[in-house]
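Colleague: Sequence:
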Amino acid sequence: MTMIEPKGTNAPDATGRFGDFGGRFVPESLMPAVLELESGFRAAWADVAFRDEYARLLATYAGRPTLLYRAERFSELVGREVWLKREDLAHTGSHKINNVLGQALLARRLGKRRLIAETGAGQHGVATATAAAFLGLEARVYMGAVDAERQALNVFRMRLLGAEVVEVTAGSRTLKDAVNEAMRAWVAELGDTHYCIGSVMGPHPYPWMVREFQRVIGDEAREQFAAQAGGVPELVVACVGGGSNAAGTFTGFVETSARLVGVEPAGGAAIGRGGPGVVHGMHSMLLQDEDGQVREAESISAGLDYPGVGPEHAYWASTGRVSYEPVGDDEVVDALVALSRTEGIVPALESAHALAWVLREGSARTQPGDRIVVTLSGRGDKDAETVAAYLGGRR
181 MTMIEPKGTN
191 APDATGRFGD
201 FGGRFVPESL
211 MPAVLELESG
221 FRAAWADVAF
231 RDEYARLLAT
241 YAGRPTLLYR
251 AERFSELVGR
261 EVWLKREDLA
271 HTGSHKINNV
281 LGQALLARRL
291 GKRRLIAETG
301 AGQHGVATAT
311 AAAFLGLEAR
321 VYMGAVDAER
331 QALNVFRMRL
341 LGAEVVEVTA
351 GSRTLKDAVN
361 EAMRAWVAEL
371 GDTHYCIGSV
381 MGPHPYPWMV
391 REFQRVIGDE
401 AREQFAAQAG
411 GVPELVVACV
421 GGGSNAAGTF
431 TGFVETSARL
441 VGVEPAGGAA
451 IGRGGPGVVH
461 GMHSMLLQDE
471 DGQVREAESI
481 SAGLDYPGVG
491 PEHAYWASTG
501 RVSYEPVGDD
511 EVVDALVALS
521 RTEGIVPALE
531 SAHALAWVLR
541 EGSARTQPGD
551 RIVVTLSGRG
561 DKDAETVAAY
571 LGGRR
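Sequential numbering of the sequence shown, starting at 181, is according to this note's numbering.
If you are wondering where the hints come from, they were derived from the structure by calculation, not from laboratory data. Every value quoted in this text rests on a predicted model; they were computed, and no experiment measured them. Certain hints may be false.
[To be verified] Ranges between beta-carbon positions, derived for each pair:
| no. | residue 1 | residue 2 | range |
| --- | --- | --- | --- |
| 1 | ALA226 | LEU370 | 21 to 31 Å |
| 2 | LEU290 | ALA239 | 20 to 30 Å |
| 3 | GLN547 | ARG289 | 47 to 57 Å |
| 4 | ASP200 | GLU470 | 17 to 27 Å |
| 5 | GLY410 | GLU369 | 48 to 58 Å |
| 6 | GLY410 | ALA194 | 32 to 42 Å |
| 7 | VAL458 | ALA368 | 19 to 29 Å |
| 8 | GLY291 | VAL517 | 43 to 53 Å |
| 9 | SER503 | ALA239 | 30 to 40 Å |
| 10 | ASP372 | ALA544 | 49 to 59 Å |
| 11 | LEU315 | VAL367 | 18 to 28 Å |
Glycine included, each C-beta is placed from N, C-alpha and C at the ideal position.
Put together the whole structure using the sequences plus the hints.
Modeller: Okay, here's the thing in structure tokens:
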């Protein structure tokens with residue numbers, strides 16, 4: 181597997197900002213922890229031995245490289261050639277394992293014995309529990325009570341792997357509230373605990389660090405596409421909640437000629453319907469009311485049910501390098517069914533957002549002969565009950 185050095189054009193500045201977005205907005209009590217983390221990550225990422233160990237685990241444990249697959253029958257529906265980057269085939273069933281293995285290795289290097297994490301759909305929680313078990317660390321995962329109910333299978337998987345799952349009953353009882361509780365716990369346990377954030381969000385260095393751990397998706401996809409199809413795809417599409425799979429994917433193509441599209445849930449479109457503000461330690465785009473208070477996001481997908489977005493996405497949107505488009509729950513479920521019935525692949529609801537946009541706009545926004553790469557961020561087993569209930573309600 182080829183590891184590519186970070187490119188200066190998409191690295192944050194010395195204060196952790198991507199243009200106007202990013203930074204480090206945390207209480208004074210947390211500042212030593214984030215400074216220690218930044219210093220530790222910089223040293224580790226520059227250490228050949230750390231990079232080699234990380235690459236070895238991705239190849240021998242996480243199952244990389246994942247496939248880049250030409251979806252023939254789905255392409256017929258779209259009217260354009262569609263390729264799928266199969267992160268659903270990674271160990272634990274999603275791209276989350278890439279980031280968590282990197283952070284768990286870093287935590288061990290920094291002398292931490294416990295990982296804490298937050299999760300919405302449960303994929304990041306399962307990945308965290310998996311990495312902790314594999315590396316001999318403790319794990320505690322915070323999850324909104326609403327999400328825990330609709331993702332019961334992943335709650336069971338986390339507990340089976342030895343993690344403590346804390347169901348959060350405050351607020352809307354979804355991902356935003358789980359993040360709040362995880363941050364409070366981190367303040368109380370800084371000495372021996374690493375907060376393993378699951379997306380390209382939070383205070384610096386998290387958005388940069390998580391993107392670097394996820395850039396393997398885009399780097400692999402670019403190399404695989406060149407080898408299998410030739411050249412560069414004309415369009416690259418990924419779903420965006422916090423935005424880790426999209427950030428990893430886009431980083432591989434941001435300096436190419438490919439057009440990049442991030443797809444948000446219509447009820448949680450932080451870029452499309454939000455404005456600049458501060459949440460969870462970062463300055464980014466987020467849903468707010470007229471008083472500047474954070475508004476609740478609404479999405480059929482627990483993993484995208486978040487009112488903000490990673491600051492690099494806000495930056496890419498401000499420069500026009502990436503466009504961000506909304507899709508609704510109905511077309512998301514239709515896309516999930518369409519891929520299942522044309523390719524025999526049941527995607528996660530998160531990934532189905534990207535597929536829904538491609539079904540709706542892929543032909544209209546491209547020229548005949550254009551090729552489209554879509555990242556399948558995870559598999560859909562976890563969403564079976566949610567989709568069944570939704571389809572039942574539409575009959």
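Colleague: Checking against the hints above, which ones are violated?
Modeller: none
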